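Asker: Take a look at the letters that make up each chain.
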Amino acid sequence: MTSTTRRAPGTPAIEIHDLHKSFGTVKALDGLDLTVADGQVAGFLGPNGAGKSTTIRVLLGLLRSDAGSARILGGHPWRDAVALHRRLAYVPGDVSLWPNLTGGEAIDYLTRLRGRTDAKRKAELLERFELDPTKKAATYSKGNRQKVALVAALASRVDLLVLDEPTSGLDPLMEAVFTDYVREAKDQGTSVLLSSHILSEVEKVCDTVTIIRSGRAVEAGTLDELRHLTRTSVTAVVDGDPSAIESLPGVHGLVATPNGAGTRVTFDVDNASMGELLPAIGALGVRSLTAAPPSLEELFMRHYGVDIASDEPGEPAGRHSAVATPEHSAGAR
Amino acid sequence: MSAAVAANAVTEQGRAGSSTLTGTWRLVRFIVRRDRVRIVVWAASVVAFYAYFTFALDTVFADPVARQGRAAVMETPAGIVMGGPGYGLDDYTTGVAIANEGIVWMVLALAVMSILHVVRHTRAEEESGRSELVRAAGVGRHAPATAAVITLVAMQALIAVVGALAMVGVGSELDVVDSFGVTIGSGLSALVFGAVAVVFCQVMEHGRGAMGASLAVLGLAFVVRAVGDMRELGGSTLSWFSPFAWAQQMRSFVDLRWWPALLSVAATAMLLWLGSVLASRRDFGGGMVASRPGRAGARSSLRHPFVLAWQQQRGALMWSSLGLGLMWFATGTLMPEIGTMIGDIVADNPAAEQIFGPGSSALSVTFLGVMILFSALCCAAYAIVMGGRPNGEERAGRAELALSLPVSRPRWLGSQLLAAGLGTVVLLGVSTYGMWLGAVTVGWTDQTFADYTVVIVNYLPAVLVYLGLTSALFAWFPRFTGVTWALLAYTFVVGMFGGLFELPDWALRLSPFDWVPGPFLDDVAVGDLIVLWAVAVALPVLAFVGFRRRDVVTT
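Listed in order, the protein sequences are those of chains A and B. Heads up, the final residue of the first sequence is numbered 337 in my numbering, and it's a clean run with no missing numbers. Heads up, the final residue of the second sequence is numbered 590 in my numbering, and it's a clean run with no missing numbers.
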């Protein structure tokens with residue numbers, strides 16, 4: 005069994021190809037591809053019901069896939085489950101604990117079964133996460149149950165951390181502590197799969213991002229690579245007639261509103277078309293200009309907020325601008 | 036301006052939000068909607084029992100000899116425990132037999148229904164957090180409990196009316212008013228236990244605890260009535276301390292009187308009042324007993340799934356052993372009294388000797404046999420509850436966390452089943468030896484320690500069948516683990532009324548207990564025991580095979 009899980013350096017921590025899984029008539033995974041390189045922190049993004057947790061459960065050997073291949077730490081997730089689980093730690097998105105154990109007991113139990121325990125490390129984590137280990141699990145809030153699972157996972161020295169929306173229920177301070185620990189894990193060469201729909205969290209720590217929707221990956225790559233695919237949001241106040249830039253290739257969703265003596269314009273521009281935009285907008289007499297790099301929010305919204313197929317140059321104006329404003333995107337989530 | 040707003044807010048509050056009962060009717064409708072299948076199944080089962088019981092008695096009692104034989108049985112200790120105080124034994128007609136023998140089981144079944152219903156819709160909802168959403172949506176503090184009680188009363192009323200009509204319809208010459216006396220009396224008596232559950236739901240933090248405590252009260256009431264009735268024909272003062280007596284003492288079909296039912300009404304009202312007082316004082320989600328801080332780290336022994344499983348089950352095991360152990364110990368101490376009683380019966384009534392065989396030992400063995408049947412049924416219920424734990428773990432999402440550890444599925448499931456099996460063995464041992472100890476303590480030595488040991492060994496595979504079946508269903512059809520309870524109910528009916536109902540042989544054989552040799556009798560059926568053991572072993576094996584193959588379900 006050990007031979008199947010022992011892998012050569014450089015073997016990806018997770019390698020999924022064309023994975024399928026259905027529950028009755030519902031297709032949860034529909035040809036998913038996902039790779040997490042050794043030592044990499046990989047973000048796994050998608051809206052609720054996209055198939056993130058299903059993927060993770062297949063990787064943990066809890067679900068059996070219908071078709072396709074999945075390798076984790078070089079082993080087979082279903083066949084080699086026990087041997088693999090010695091080398092990974094998992095934090096579910098909704099942690100359910102044994103009600104009659106205290107948090108401290110649950111942490112000890114989880115880490116002991118995974119292997120070596122480290123009392124100093126546990127104490128440090130408890131302090132950083134401000135968790136009282138003497139309370140019975142039944143009395144913990146959701147955030148505190150989450151902390152129990154996080155402490156137990158981070159206290160175990162493992163090769164791979166599988167984290168399914170691990171910060172749900174944590175306050176921003178605790179999220180920051182969590183981020184620190186993910187960075188630390190990365191420095192020590194641990195691979196991390198971080199599923200989330202909190203984009204800022206992924207943006208902070210992840211080397212690569214895979215975005216999935218309806219059970220298949222719709223975008224994958226490093227953050228930089230993905231940014232190339234997208235656009236820059238521009239807001240400017242100009243003197244001249246903005247229709248001159250509206251007709252430029254690569255400019256989308258232009259909205260013009262009178263603003264004092266000038267006109268306020270907001271639009272998105274393909275990064276590739278930036279060179280043509282600058283002289284054109286300059287000619288209009290620029291009073292102010294802000295150009296924001298695309299956030300992951302926008303990457304995300306591009307896939308889920310609007311129909312990708314219609315996301316072509318020359319689409320109706322109002323539609324795209326709705327996508328770019330934070331209020332709307334928050335609502336759409 | 037702000038004063039006006041404040042005044043407005045106050046009147047607003049006065050109009051819409053001040054009553055702690057706000058939203059009760061909506062909750063009532065919701066409960067009926069949610070439990071429609073459950074309500075129909077319960078009502079249909081109970082009514083079917085009323086009808087079939089009437090039918091079976093009518094058929095059997097067509098023969099006057101059988102009728103008088105049955106009446107003679109009802110005078111014996113076993114008959115009293117299984118039946119009632121013994122009104123109208125001199126003219127034992129179908130109606131009298133229904134009142135004397137049927138009420139105790141109707142009250143038992145309806146009380147279990149009441150307890151489950153109340154816990155399900157109050158504390159269990161609160162524990163799961165669902166109630167939090169409901170209570171936040173303009174529903175008063177007392178509304179959920181009130182809605183649970185209203186629906187319960189409605190269910191009881193429905194069952195009482197339809198049950199009485201079924202009896203009158205099926206029975207050849209049953210008086211209508213007396214039939215209603217039986218069903219209404221039973222329903223009201225069972226309602227008392229629903230009210231007990233309401234109180235425990237306020238005191239206990241967990242639904243499981245509230246249910247256990249309520250069932251313990253039910254068991255105690257059962258014993259108190261049985262012991263009280265054994266003291267004196269027609270019941271002694273002690274009998275009256277049990278709600279069971281309040282239905283039986285109405286003397287339906289003999290000399291009907293309604294006032295004992297008022298005791299049930301009064302007790303219910305008092306308990307509900309107590310429940311509402313307690314409910315007003317406690318916090319949402321909290322109990323009366325505050326939880327204390329525990330250990331910051333686990334004991335060094337907690338490093339195996341079995342240890343955790345045992346730790347999770349040992350509380351229930353301890354309380355069950357204590358409760359049942361005491362109960363069966365007390366039963367054992369009754370043996371000399373029962374011996375005397377049986378001696379009197381045989382002396383008074385030579386016909387009894389013809390029916391039961393010479394001497395009194397056969398009768399005391401019959402009594403012990405019934406007691407052993409009860410205690411084994413309790414152990415089987417324990418096995419079902421504990422066998423259902425893996426299912427509970429899976430549904431709660433804890434199985435997912437446990438199986439993400441280097442723990443194989445057979446090891447995880449095996450740990451839980453092993454803990455459940457050991458607990459069942461312990462409980463069977465404590466119950467049975469408890470009875471022996473009680474009997475020996477008061478000088479009754481007809482049955483030896485070795486005899487009781489044989490009983491344990493014989494019943495063990497039968498009881499383990501329930502554990503095995505629960506686990507096999509969990510592995511293959513997790514949504515149908517409840518089927519095991521149906522088998523337990525069936526076992527009970529066959530064990531108690533199999534002879535009376537004249538069921539065909541194969542129907543009797545469906546009950547695992549039918550394969551067990553009669554306790555304290557010399558009949559040894561090695562073949563039957565081998566079959567039982569084979570089934571008891573095969574079912575968990577089936578469970579392991581099934582659970583290895585299937586997906587772990589997550590909510």
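Just so you know, these hints were derived from the structure itself, not from any lab. Careful, some of the hints might be misleading.
[As the list claims (entries may be wrong)] Stretches of chain B that chain A covers, calculated by requiring three or more beta carbons in the stretch to come under 8 Å of a beta carbon on chain A:
{"id": "1", "segment": "341-353"}
{"id": "2", "segment": "427-439"}
[Stated by the list, open to error] Some chain B residues near chain A, calculated using beta-carbon distances under 7 Å:
{"id": "3", "residue": "563"}
{"id": "4", "residue": "566"}
{"id": "5", "residue": "569"}
The structure presented is a predicted model; accordingly, all values stated were derived computationally and were not measured. Just so you know, even glycine gets a beta-carbon here, dropped at the ideal spot from N, CA and C.
Asker: Against each hint, give a clear statement of whether it holds in the structure.
Answerer: A quick look at each hint next to the structure:
1. 341-353: With 4 residues in contact (Cβ-Cβ under 8 Å with chain A), the coverage given for the segment 341-353 of chain B holds.
2. 427-439: It holds: at least three residues are needed, and the segment 427-439 of chain B offers 7 whose Cβ sits within less than 8 Å of chain A.
3. 563: 40 Å, violated
4. 566: Constraint on residue 566/B not satisfied, violated at 35 Å.
5. 569: 30 Å, violated
Hint compliance for this structure: hints 3, 4 and 5 are broken, all remaining hints hold.
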